[in-house]
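Chains as they are written, first to last, in the working numbering: chain A, 153 to 466; chain B, 153 to 466.
Because the hints were derived from the structure by calculation, they are not lab data.
Just to be clear, a hint being listed does not mean it is correct.
In this list, chains with the same sequence are indistinguishable; a pair is considered to hold if it fits within one copy or across any two.
[Said to hold, decoys possible] In silico SDA-like pairs for lysine to any residue, Cα to Cα no more than 20 Å straight-line: (1) 459 - 208; (2) 461 - 439; (3) 459 - 448; (4) 459 - 202; (5) 155 - 317; (6) 462 - 269; (7) 440 - 339; (8) 459 - 233; (9) 462 - 450; (10) 461 - 309; (11) 155 - 198; (12) 440 - 464; (13) 462 - 191; (14) 462 - 245; (15) 440 - 162; (16) 440 - 395.
Protein chains: 2
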Amino acid sequence: MQKVALVGAGLIGQAWAIVFARAGYRVALYDAEAVVLDGAKAAIAARLEDLESFGLVSDPDAIAARVRTTDNLEEALDGAAHVQENAPERVEVKREVFGELDRLAGPDAVLASSTSGIPASAFTEGLAGRQRCLVAHPINPPYLVPLVELCPAPWTDPAIVERTFDLMRAAGQSPIRLRKEIRGFVVNPMQGALIGAALKLVEGGYASAEDVDIAIRDGIGLRWSFMGPFETIDLNAPGGIADYLRRYGPLYAAIEREQEGPAAWDDGGLIARVEAERRQFLAQDRLKTRSEWRDRRLMALAAHKAKVKKEIGE
Amino acid sequence: MQKVALVGAGLIGQAWAIVFARAGYRVALYDAEAVVLDGAKAAIAARLEDLESFGLVSDPDAIAARVRTTDNLEEALDGAAHVQENAPERVEVKREVFGELDRLAGPDAVLASSTSGIPASAFTEGLAGRQRCLVAHPINPPYLVPLVELCPAPWTDPAIVERTFDLMRAAGQSPIRLRKEIRGFVVNPMQGALIGAALKLVEGGYASAEDVDIAIRDGIGLRWSFMGPFETIDLNAPGGIADYLRRYGPLYAAIEREQEGPAAWDDGGLIARVEAERRQFLAQDRLKTRSEWRDRRLMALAAHKAKVKKEIGE
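Same shape as in the complex, but just chain A:
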């Protein structure tokens, strides 16, 4: 099997290690700090046990054995077909790391960044191998949430995007191809629009933050876990999506006009209100426990989706 090099062994690097090793790839997990690597090994082993308990992997030891940690970057990159960078989210760090990767990695290696917000053009422009660089943005944690947003710089070779697409598919992920750079890629503009609308509902005094959450998780969010927004509305009018937009477009346009204007992203008073309401339901010191609950729910949902995909179809 091909070798994948992961540069940076924090949470995202660890998660990628599980993704690629689970799919049979040989994984080199690099970090400059030996202590980070020790922690990473233990965390990966613990996480693989969790995944096994949900039936999501069958041989955790064999998977863990495919992950080799190293604090030697050249060793990590040696022979790697794909390099996935997981450094801190600062453009000057990305620029430095990508300079080094382009210098040290084999000429055929793809160089991908996990950045959630910095376009590849901002840290690859001056590189000799800039045509082999792109963003491959995962949703945390990628071994449970398969989406990967592939976003090329203007100079990224389309064949590199295709190779990365195929690799991610082969690794069991669900890659999508952006056609050009955009701030926040695809998920964040949609998530931002939804959160912005949610904030306006609370700001306007129409509903509590908790009721807004219930409206999604016990309402429209159910469909969105197995169909996107376009397929959802395609099936919600007898004639399909164009029929739907003819029927309900005017309603959405009217809502949009009434709720016009930017969301109150920096309204301290509103943020304090939403924060206070959340803390009634979940005390600050229970955030960690609740995050563990979320991860178990995501594992159960991943197992459910794999099962119904076989039984009912996708």
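Place chain B on chain A using the hints.
Using the frame of chain A, we list chain B on its own:
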């Protein structure tokens, strides 16, 4: 058990019949057309069989036996504690039906409308019993998607909202209380914001409609099927939601500025493009088959959520 009267035996009336009969209520299902009632009985029986096959009900015959159909409105309303109206979505129809309901229903009956878009104030103002009227808007189909949006008119008695809230809870639904009228209630402003952002991504040439769908169903939509958008971000920063909004609010604000302006709800060219792309994945004549697939997936998801709620907690 209490009696619930359902006025209108189309798809929504049938679905409400399953909700209330499943919870043990006696249900009177009224329609002026006897042929509609015959169709409704058969459809309810068929749907209960589907639900049984997913473990979502255990005694379909007993449930069906609790639903009595009638084309006599007075008989349907006699002794009903709750009346749920499911007439066509036209304000003059709602006004006429509510006039009749207020005249004929017992003085203690709550009068609720299933309307998805007309505020209760638009069709209850002149009624002697207007304080007992409100909207109780389901998401289709309510026996699989538990959310019910309760939206009072300015004159609705708060105690009536509370009674309806308790009834919906007792029926196994997940009601939320709007504090005042707003176009589209809570779900549609959020769904509209998301679809609007999705349309802008396609319009701007950043991604295909299919990739936008994948971004939700294999990405952020997974979390939204068991957590709302606020809880999602509350768990996505170490310090909770206020910490998250401090970190990522500027990103969302920048995206919002870049994507400013109304979505192209009536751009025929864009709608035709999205429609054409959807039809590549799903031919027009397969919309019905795909809707049946969606219903089976919703049933499987409802069964999954009930199971993990017990095993992992909510």
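Evaluation of the provided hints:
In the homo-oligomer, the alpha carbons of residue 459 and residue 208 lie at most 20 Å apart both inside one protomer (11 Å) and across protomers (18 Å), since each shortest distance falls under that limit. For the identical chains of this complex, residue 461 and residue 439 are inter-copy neighbours only, at 19 Å across copies versus 32 Å inside a copy, given an alpha-carbon limit of 20 Å. Within a single copy, residue 459 and residue 448 get their C-alpha atoms as close as 17 Å, and across copies as close as 13 Å, so both meet the 20 Å cut-off. For the identical chains of this complex, residue 459 and residue 202 are neighbours both inside a copy (18 Å) and across copies (18 Å), given an alpha-carbon limit of 20 Å.
Only within a single protomer do residue 155 and residue 317 lie at most 20 Å apart by alpha-carbon distance; the minimum there is 16 Å, versus 57 Å between protomers. Taking identical chains as interchangeable, the C-alpha atoms of residue 462 and residue 269 are never at most 20 Å apart, the minima being 35 Å within one chain and 38 Å between chains. In this assembly of identical chains, the alpha carbons of residue 440 and residue 339 never lie at most 20 Å apart, being 24 Å within a copy and 29 Å across copies at closest. Proximity of residue 459 and residue 233 under a CA criterion of 20 Å is satisfied in neither setting, with 32 Å inside one chain copy and 42 Å between copies.
Taking the shortest alpha-carbon separations for residue 462 and residue 450, both the intra-copy value of 19 Å and the inter-copy value of 15 Å come in at or below 20 Å. In this assembly of identical chains, residue 461 and residue 309 lie within 20 Å of each other by CA distance neither inside one copy nor across copies; the values are 34 Å within and 47 Å between. In this assembly of identical chains, residue 155 and residue 198 lie within 20 Å of each other by CA distance neither inside one copy nor across copies; the values are 23 Å within and 53 Å between. In this homomeric assembly, residue 440 and residue 464 come within 20 Å of each other (Cα to Cα) only across copies, at 15 Å, whereas the closest approach inside a single copy is 35 Å.
For the identical chains of this complex, residue 462 and residue 191 are neighbours neither inside a copy (36 Å) nor across copies (33 Å), given an alpha-carbon limit of 20 Å. In this assembly of identical chains, residue 462 and residue 245 lie within 20 Å of each other by CA distance neither inside one copy nor across copies; the values are 43 Å within and 45 Å between. For a Cα distance limit of 20 Å, the shortest separation of residue 440 from residue 162 inside one copy, 17 Å, qualifies, whereas the shortest one across copies, 47 Å, does not. Taking identical chains as interchangeable, the C-alpha atoms of residue 440 and residue 395 lie at most 20 Å apart only when they sit on different chains, with a minimum of 14 Å there against 45 Å within one chain.
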